[in-house]
Structure formats: C-alpha cells, structure tokens
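Student: When you get a sec, could you build the whole thing from the sequences and use the hints?
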Amino acid sequence: MLNSLVTWLPFGLSRYTGRQVLFGGFIVLALLLLPIVDSNSSHVSAVADAGYILLLAFGLNIIVGYTGLLALGFAAFFAIGAYTYAFVASPQLASPAHPDGYHVSFWLMLLVSAAVAAAFGVILGAPTLRLRGDYLAIVTLGFGEIVPQLFQNLDKWTGGPDGIAAVDQPVLFNYHFGFNPTPYYYLYMAVICICLVLLANLRNSRLGRAWMAIREDELAAEHMGINTMTAKLLAFSMGAAFAGVAGVIYAAKLSTISPSGFDFNMSIMILAAIVLGGMGNLSGVLLGGSIVAMLNFLILPQASNWAHAIGASVHSTFLMNVDLTQYRFMLYGIILVLVMLFRPEGLIPSATVRAELRESMKSPEVA
Amino acid sequence: MFEIHNCAPQFIQQLINGVALGGLYALIALGYTMVYGIIELINFAHGDVYTLGSFISLSILGLIPLATISNPTVLGLIALAVIILAALLCGIIGVLIERLAYRRLRNAPRLAPLITAIGVSLILENIMQIWKGNSEVSFPQFLPDHWHQIGGVRFDDRSLMVVVVSLVCMILLNFFVFHTKLGKAMRATAQDRDAAQLMGINVNSTIAWTFFIGSALAGVAGFISGMYYGTTFFLNGYQAGLKAFTAAVLGGIGNITGAMLGGFVIGIIETMTSGCISDQWSEVAVFAILILTLVFRPSGLLGQQLPEKV
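Chains as they are written, first to last, in our numbering: chain A, 326 to 692; chain B, 158 to 467.
Just so you know, the hints here were simulated from the structure itself, not pulled from any lab data.
Positions of the beta carbon are idealized from the N, C-alpha and C atoms, including for glycine.
Hints may contain errors.
[As the list claims (entries may be wrong)] Simulated crosslink set (SDA-like; lysine to any residue; CA at most 25 Å straight-line):
id, chain 1, residue 1, chain 2, residue 2
1, A, Lys-481, A, Asp-588
2, B, Lys-341, B, Leu-245
3, B, Lys-289, A, Phe-654
4, A, Lys-481, B, Cys-433
5, A, Lys-481, B, Val-441
6, B, Lys-289, A, Asp-648
[To be verified] Residues from chain A that face chain B, not an exhaustive set, calculated with beta carbons under 8 Å:
id, residue
7, Leu-395
8, Leu-661
9, Pro-669
Tutor: So, in structure tokens, the structure goes:
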C-alpha cells in the first residue's frame, strides 16, 4: 500500500521505497516540531546553524562528490555570498548620496548572491578546470586563502578584520526575523528541502550523469561526447551558488560577518562532512553534515561544560579549563584519515562511488 | 589600504632578507617536490613536520643547560647536534606517516591520499597545539649573533646561518640523488614504479627513504627557522607549507633544482611585497603566483610538460 502511494509522490521522490519515505517523513516531522518542544533557544540556534553546514555540504558535494573535482577553498564562495549580501544590506557602503547605505531585500539577495557566487565559480573554474585533480585542489586552496585576505585587506570597503556589522535581517510579510533563531531554523529547513528536491533531480538529469561520468573517467567521458569543460564549469558554478545562498542566510542570522569566519578551517569542516557521510550520495551528505554540525555546535561545547563540571568536583584545573572545541579539528583530521583508510565511500555510500573506490583498491598493490 | 612605497633604498636589504627566507622555503619545498616526484602526492602534512622540527629542537634545547655554556665552539657543536637529532626524528615521523596513512592508498584514486594528508596535517597541528599551547613559543637565542655591514647592507649571523645551512643541505641532497645507488633507485621509482620493481628495486623502502629525507630536511628547516625568528607557533607550518609548495610548483614540481630556485624566488617576492607594499599583501602575492603558475605554466620554470597518464 505504502509503495503504491509513493509512486504518486512528486519531485522524483517516487524512486524511494515506502519505508525510506516514511523514515524521511518522520525525521522532517520531528525537526519541524523541535523549536516548539525544545524551548532552549541556544539549541534551536545550534540546529539552525547546521543549516548552512548542510547547504555548503550540498554545494561541495556537487563538485567533489558528483564530479570528482577536489575543491579545497570552498569557503571562499561562502564568503562571497555573505559579503555580497552584507554590502547591499547594511550601512557599510554609506555615502553622501546614500547616507544609510543600501538595504536590498533579503529574499532578492538570496538569488543575487547565489548568482554572484556562481559567477565567481565560473571565473575561478574557467582557467583552472583544465588542471589535473591535485593541482586543481591547490589552486582552489590558493583562491580560498586569497578571498578572505582580500576582504580583510580592502578595509576601505569591507571593514577590514572587523568585517561588516548591522547586516539587515530578513522581513517576511511584516514579520521581523530579528535575533530569534526559530524563524531562521524554519527558513533553513525550507531552503534545504528545496535544495534536496533540486539535487535529487539534478543527479539523475543528463548533466548529473555527465558529472558522474567525468568522475569515473574523464577521458572516456569526453570520448562519449560529453563536453567535459562545460559540465565541470556548471558543477563549479552550481556548487558555488549553494555556498552563496548559505552565505546570505548566515550573514543575516548573525547580522555581522568578518573574514575569519571563512578560512581554510571552514572548507575543511565541510570536506570532512561529505567525506564522512559519503561523497556523491545525498543521504550520506545529509548525515555527514548533520554529524559534523552537531559536533561543532552542540556536542563539543556541551562536552566542555561537562568536563568543567567534572573538573570542579575532582579539583582538576586541567579539566576545569579545557576547551574541547579547540580540538575539533583534531577530530575532523581523524575522521578524514580513518574514513579514507577504512571506508573511503563514507557512512552511507553511493553504490557507484563504492564500486569505483573498491575497484581501484583491489588492483594489485606494489609489494 | 595599500600604496606603493619607494623601496629602492632598502632594495638590497630586502633582497638579503628574501634570500634567507627563500633558503627556508627551499628546504621545505624539497620535501614536497621529492614526495610528489615519486608518488604524485601533495603531502599536505609536510608543512607541519617542519613545525614539528622546530618543536622537537625546542624540547631538546630545553634539556641542555645552555646558560652555563659560554664557549662559542661548544654552542656551535650543540646547534649542529640538535639539527641532526631534529632531522632524524622528523625523518622517522615522516616515514611513520607514510607507512600508516599513505601506503595503503597508493593505488587508490588520487584524491583519497590527498584527503588523508589533509587529515594528518590537522592531527599534527592539534598535537602540537596540545603540546606547546595556543600561543607563540619563544626559541632560545643561544648562538652569539654579530651584525655585519658591507656597503649599506646589514645582515647578521642568523641570516647567514639560514643561507649556509640550506645551501649545504641542497648540495648534499643533490649529491645523494644523482650520485648514489639509493638516489638512482629514487629516480627510477619516480619514472616508473612497476619497471623499477622489475629491475629489483625495493619500491616500498625507496619511497620510505624519500619520505625520510624530505621530512629530515623539514626538520632542519624547523630548527633554523626557530633560530632565525626566535619564536615558533603550532600553526606556522600551514602558511609556510603552502608557500613552500608554491615554490615547488613554481620551480617545476618533481624537480629538485627547481624547488631550490622556486624557494628563493618566493622568499624574495614575499619580502619585496612586504617592503614595497605592506605585510598584509605578501600572502596574497604568493598565492596569486601559485594560481598564475598553475594556470599558465603548470610545469613550472624548470619542469617538463608531461602528458596525462591514461
């Protein structure tokens, strides 16, 4: 019965079995109820912040997971999205002609920033996508280093290391989002749901299949008549667009941005998320992104508090002052190494990725 | 924001500072280029092995009652011993990293070991953070330091030491790679691993030796950077590693002479940018060079254009 119902579902969901849809529906329902059940706004805020991690993971998954291009400076696109919004939605660019700066609508800027980030994806990608995999990784890493540096150095416009403050927060039908995390939480959920539907369809489209062909064997894909350059550029720009959207909501929720939020560490966190969950598989990326975000925003700060409490009772100054969030990159490092060594396809693998990775591992090792 | 100063008066001075910095980058770049040459892996953790070298030297120096020794010859010998010890320990760590984290993935898609290398780098950074804390650690300045003046240019023993030590290491390495049996095995393995194995070369141990030598050079660089700057910091290796990698790419990755040339060029460019524009633009300049080199001349200054292996 369940399965026959599923076939009527829109948005490509009909590919899933009844049990999968039921499970997904249950999780969505639980998440919808969370801000109502849990009145602790710091929890809601932490879960909402998982939203931008997930959006970034979706974007990076297009580039790394689907197309097999390792981009290491992905946070640059996140920065570009956030700054694009902050420039036109804060008093930052105030001038005699515009004494209050510009205040463009948040909703419009969601699309504009996505487009701007996508454009930068093309600008970076066009000259560099010819490069071999690891060179591309380094070029994107260099780009990821330069972009926050530029935002920091061009202080005439960007506010330098302090960044931009008093960024506008969204208003929907006269409802002001303000600093209350709950509306952002629902906004992230809505955006993520739209992105999931988009991505699920994209993956099976002509373009999605072209991406995966490139990942498996670029030369063969080219010989099959795929325009690999166009497909890779599209992967780069679409991935960047997701980061752009994430940047806008991030800037609006915090209402302030600074270059230090977009450094290499951010790029690594997102990479760890998709590697852990399973590159190239949406459920995997959702899981990996959620785990990393929860570690980052909830579990490690909470565990530090517990350590402090234990430290206070056993009179250990080390435990009382330990800040576990400082060591989160150790955790991400261990995740990257262990997953790559023992389960390169991630927790919830995509079947094709697993086949590719295991195939090459099977080839006779140099003794 | 930025304005271009008239930096002609200090041009020669900046050049000298640049050469000292370049010697440091060249030493680190050698490790990147050797490893890339032999297994085509960007050993992301290499920059952190360099910082580890300075941390290890610092700990060894902590065991020696330096204040009680005043004889400059003895102090010099101590410095030499610490360099060698740091190099040995870093070399062993390099071999361990290869054995534990990279060897298993030697035939995996190229992204897999690269991601692992990033993970190893994060782990090393955090170990060093736990070891020496979150702030800059000062490095004992136990060697007597003199300033020399030639014409209008001043330089001290420390910059001289950096240049001399790095040049000696490079000469030794060149001799090793081109005139010893193990060096020949390395070059053969780099050219064609399978064929090298058929010729009776123990590929695994050759690769391990490559890691040993590259990491040992990073250990030497770690010691002399501590002496040169007077401080060290657990995250130093990230930026220094990226710049050294840029040097290796600029010189032509896999090419030992190229790495040295690239190191000096990057060092000079960095100090020139700092001197003529401002500090905050030097990183942007170095990474812009990295991107431009990869885009317009991926084979680097001295490298050869290789066709992609099918």
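Student: Sort out which numbered hints this structure fails and list those numbers smallest first.
Tutor: none
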